[in-house]
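Engineer: Below, each chain spelled out in residue letters.
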Amino acid sequence: MGSCPVKSARGTKTCVSLKNTVLGASTMAPWYAPSLRSRLAPLLLFLQMGFIFIYGFCTEVESNVSVDGITFRNFYPNFQDVNVIVFLGFGFLSTFLVRYGFSGCGFNVLVSVMATQLAIILNGIESWYYRGKISINLRSLVVAEMCTVSALISIGAVLGKTNPVHLVFIALLEVSGFVLNKWFLQTLLKVQPLNSIMQLHIFGAFFGLMLTWMLYRKGSELPFEKEKSDHKSGLFSMLGTVFLWMFWPSFNSVLVGDAPSGRKLGVVCSTYLALAVSAVTAAAVSVLSSPKGKLNLNHMQSCILAGGVAIGVSMSVVHQPWEAMSIGFIAAIVSTIGYRYLKIHMLLAFQCHDTCAMLSTHGLPGLLGWLAHLVLQLKDCDDHTMGIRFAVVHICTLFITITLSLSMGIITGCLLKLNFWRPPQDKKCFDDQAFWEFPHLAVQK
Amino acid sequence: MGSCPVKSARGTKTCVSLKNTVLGASTMAPWYAPSLRSRLAPLLLFLQMGFIFIYGFCTEVESNVSVDGITFRNFYPNFQDVNVIVFLGFGFLSTFLVRYGFSGCGFNVLVSVMATQLAIILNGIESWYYRGKISINLRSLVVAEMCTVSALISIGAVLGKTNPVHLVFIALLEVSGFVLNKWFLQTLLKVQPLNSIMQLHIFGAFFGLMLTWMLYRKGSELPFEKEKSDHKSGLFSMLGTVFLWMFWPSFNSVLVGDAPSGRKLGVVCSTYLALAVSAVTAAAVSVLSSPKGKLNLNHMQSCILAGGVAIGVSMSVVHQPWEAMSIGFIAAIVSTIGYRYLKIHMLLAFQCHDTCAMLSTHGLPGLLGWLAHLVLQLKDCDDHTMGIRFAVVHICTLFITITLSLSMGIITGCLLKLNFWRPPQDKKCFDDQAFWEFPHLAVQK
Amino acid sequence: MGSCPVKSARGTKTCVSLKNTVLGASTMAPWYAPSLRSRLAPLLLFLQMGFIFIYGFCTEVESNVSVDGITFRNFYPNFQDVNVIVFLGFGFLSTFLVRYGFSGCGFNVLVSVMATQLAIILNGIESWYYRGKISINLRSLVVAEMCTVSALISIGAVLGKTNPVHLVFIALLEVSGFVLNKWFLQTLLKVQPLNSIMQLHIFGAFFGLMLTWMLYRKGSELPFEKEKSDHKSGLFSMLGTVFLWMFWPSFNSVLVGDAPSGRKLGVVCSTYLALAVSAVTAAAVSVLSSPKGKLNLNHMQSCILAGGVAIGVSMSVVHQPWEAMSIGFIAAIVSTIGYRYLKIHMLLAFQCHDTCAMLSTHGLPGLLGWLAHLVLQLKDCDDHTMGIRFAVVHICTLFITITLSLSMGIITGCLLKLNFWRPPQDKKCFDDQAFWEFPHLAVQK
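Chains as they are written, first to last, in numbering that gives the first Met the number 0: chain A, 0 to 444; chain B, 0 to 444; chain C, 0 to 444.
FYI, nobody ran anything at the bench for these hints, they're computed from the structure.
Virtual Cβ for every residue (Gly too), placed ideally from N, Cα, C.
You may find that some hints are simply not true.
As the list claims (entries may be wrong) - Selected chain A positions facing chain B (in silico; Cβ < 7 Å):
#1 Ala-40
#2 Pro-41
#3 Leu-42
#4 Lys-231
#5 Met-237
#6 Met-299
#7 Ala-390
#8 Ile-394
#9 Pro-423
What the hints assert, rightly or not - Here are a few chain B residues that sit away from chain A, every Cβ distance over 12 Å (derived from the structure):
#10 Leu-42
#11 Ile-53
#12 Tyr-54
#13 Asn-77
#14 Phe-78
#15 Asn-82
#16 Val-97
#17 Asn-107
#18 Val-110
#19 Met-113
#20 His-230
#21 Gly-256
#22 Ile-336
#23 Cys-395
#24 Phe-398
#25 Ile-399
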């Protein structure tokens, strides 16, 4: 695909020999990406057979749903919306790299199903301990997919610089860490299950940040040769964004019970309004911060989601439309400015090469949501003692989440630095050709 | 992206200077698209903060839904279908221009959320006047998005020849006009709310037509340099079409109550059948009217929707499958022939450069649906007096709608002709580069 | 699109004459694809008017749904999921050919609506015979679309080598054959309606196989000039795959009644798990069977669906998660190995040029599901006599299905071999330009 600049002039053969000559010393390094045959295939088959084995002994499909027969039908569209978020939304969002589309979308499916299978087991350990069986139903699938989303956020930070073996390990370790964190929060701090799940944005973003810091490659200050997008890959990515943006109200509301009547409607409307405001604000800030007064497609792809993220973390205390809209407004400003200025700063000053700017897209809006939760809860509190108690618990929640995500990120990073996993060379970063066959590929004219 | 033919040979600087020399007199005109920094960003921020302010004082999320708890869950999938229509359907339908994909899709999100926020307020003015609060629920969001659709139809007619500041103004004025029209019809003529909303196709198409006539640029008789599509942008556009086509039954039926039992099923089946017939007929007419006997992708993208539009306008009187199918059949013929012959005639004879042929896609099928409504209602009427009364009201409905849409279109057009809004030059029409940054864009080889 | 190398230098006319000279003897053959004006347009119009006529006399929208009012709302999202499978899933799955995207997606819509309209009538013949009317409701639409899916599977085998007239005939004859098969199975062998519908994978695959054998073109051993994909068309196709993969649980469960409580949930979970396992296993086998240890996008597009197909055929007896996962595991292995080795073997040894490898994607997993059904049912059977009786019926089911699909395939193939239908020349296979106008197409730079 034309990685050699003199191709057209001299033909392919000359070009390769020329390269070998020019490269001199580096010809000793393998020219082609290392084969993953002996790594990826056994790993996947082994893990998959292990999962089948565990599922055979420990799981059952919930059968006593005579009462919930109607619930299944009501819940099923919501479940599919979460599926859309995971497989279409995140999958196509990561196709923006011009030569990394197959990997962005294909590995997303692969990694998601591995992580979801693991998350179902981990989430069910308690139930298995007490009842001997993990019951599978739509709700447990949805919770598992939400844990998967936290892994997908982490993966966004190292997109293009890892091979699928890495990605599977990242996903499995991240999901384990996230479930552990969820359990800590629920057991130690008595945090509501829903609130603990919604830490996924913060956990995923900081885990990914640590990971990309550990896996830093020298020379990343300049963009990689293939780290760029074109018109069409931008549109594919926009497609993923629109799916995420549209179904984010479903994602936030899916686990909300309707016990205090209308609660679910409240979450849907809040998320919808926050997303609407985010879209407008992200566009405005993007134009404002551009010297030529132009929009940036990356901002439109990532930062319009900031409102949804922030509401997700704070939704249990957002009651008024204007609160949701203000949160969306501030989240979009923070996220867009973070994307414009913080991303490059993180790279140059801290050696964190965050491919999809997950810190700005999920980390900062998540923190903002956490703050909004604190402020709004304190505002509603009449009793000072209650307020202080809540504040302490809330700060501990954040502290535990960030500590655990950073430390898990470092552990995972150490593990992945081994050359045993055959990381792609710098030249093969952001390139599908390292992982995919192109037998009948048309020569682009 | 190769707008300069000698770029590769001499480098960018030489190229620019060369251009300046070659262009001679026209060098006085600004070469780059005018910056929107001082126009778009303040406008968006000001409007958005205004909306937050208004929402803070006037709106509340509906809370007394104890009875409708089950309704929320039933309505939510329908609500998301309408979202799909607005954000995915219209968004990707307008990516067919080869260099205008980012704008087509990105501005659609931007404009839709602005228009929806305004429409929620305007639709709720009456409730605000009497109750002091505008309540937000899924139904009010859906109605607001339907008003937005009428704005999106208008925008289709001026696609590519305007900047986002124009588009925001068009959307806000169009939605205001449409809500006014809806209020006129409901108050003066006692038209059913649903029927008045469904005038959106006619209102949007004629508003857009007037707009494109006002904004006519000299030299539009020949296609603009970048007014063309390629294989991949055609497929993106087809994706939007398929979404529209598939979820059109949801769009038509979402506000239909199920009071006369089975009414909703009737609308869904009618729309489904009409769309199916439209798809076949549009293909047939497209082949028949082509000298070489080939299909035209534009026809497949627009005209297969004609049946859904026509049924939408006439659905309250369509009861038999064959009626729906016949309406779909005729609508597709009218729409395809309109696209093939009328579009160019409107351009040459009336100076209406209707980019997406909205007159043929929404205007004519809408008028046909209006006619079908009249005919079928009269057929069902036993009483002559009733029939004549209905006919008079029905004709007044159309008359008011068209008058208001034309006059609002002219007013909007006058406003937008000001150079203050910095319209893109002719050379920058249909070009993303006027509005979007391309920092890491891959050079297409 | 640059099919003529000297176009830009000399203009189109010179170019054509040059070609004519160079081609010498072959100038006698028509250079342009034959016009379909006199074939396709009358056929479509005639059939469509016929359908309207039949629908006018024989159908009615179900009106006595006072009890099922709530069912409509519950069923509608499921119905839309099946729509997504048919129009988005299969439509975009077949856009993987680099120059055949418009046809892959556009003809899919055309053919699906024709086949669905016919299937509604054919499925309702019995009801028409006894009650005088065919009632149309969401369930009958879903059953009709499932019959359509069997036609789409067949069409996948001949994709790119046929014109739309062929495709319409194939779809109509295949659907007729499939409905006949369904009737045979239900009447003669008392097979459950749902089980007989799920034979669609086997019926469609073998029908398509026979068809592509009948329509074999000499020289197909080597890939056709345009039978290849590129980065972007691969992504479009991946989009279709993800839609299919995500909504396959809806497809399998849509017609399952919830009478034994939780049955529907069981089918959804089984399909979901089988698909998850399939995705992992297909990737592993793809890497394992590749000499360079790389993934193949075609395998990721087709073989990850194998688990869903196999569960679809066997779902009435799959109760445990591990059973579903094991079936998904084996189905993916069979399907991927079939794609890698069997496809080329079928071409070279049996002259079956199966464009989308439908035998491996739907045929083999379907047979595996049939086998799993047999084994699991026998395992559950306590009574030997019952077991043997079931086995006989089950084997007869398969025998009838395959016999009928092969014979219908041969009959259809004979009919389509007539030159009257103007098949595209070898040079115009896999090429949109034979069927679509490209008026404003941008020259790709």
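Engineer: Determine which of the earlier numbered hints do not hold for this structure and return their numbers in increasing order.
Structural biologist: Numbers 1, 2, 3, 7, 8, 9, 10, 11, 12, 13, 14, 15, 16, 17, 18, 19 and 20 - these are the hints that the structure violates, sorted from lowest upward.
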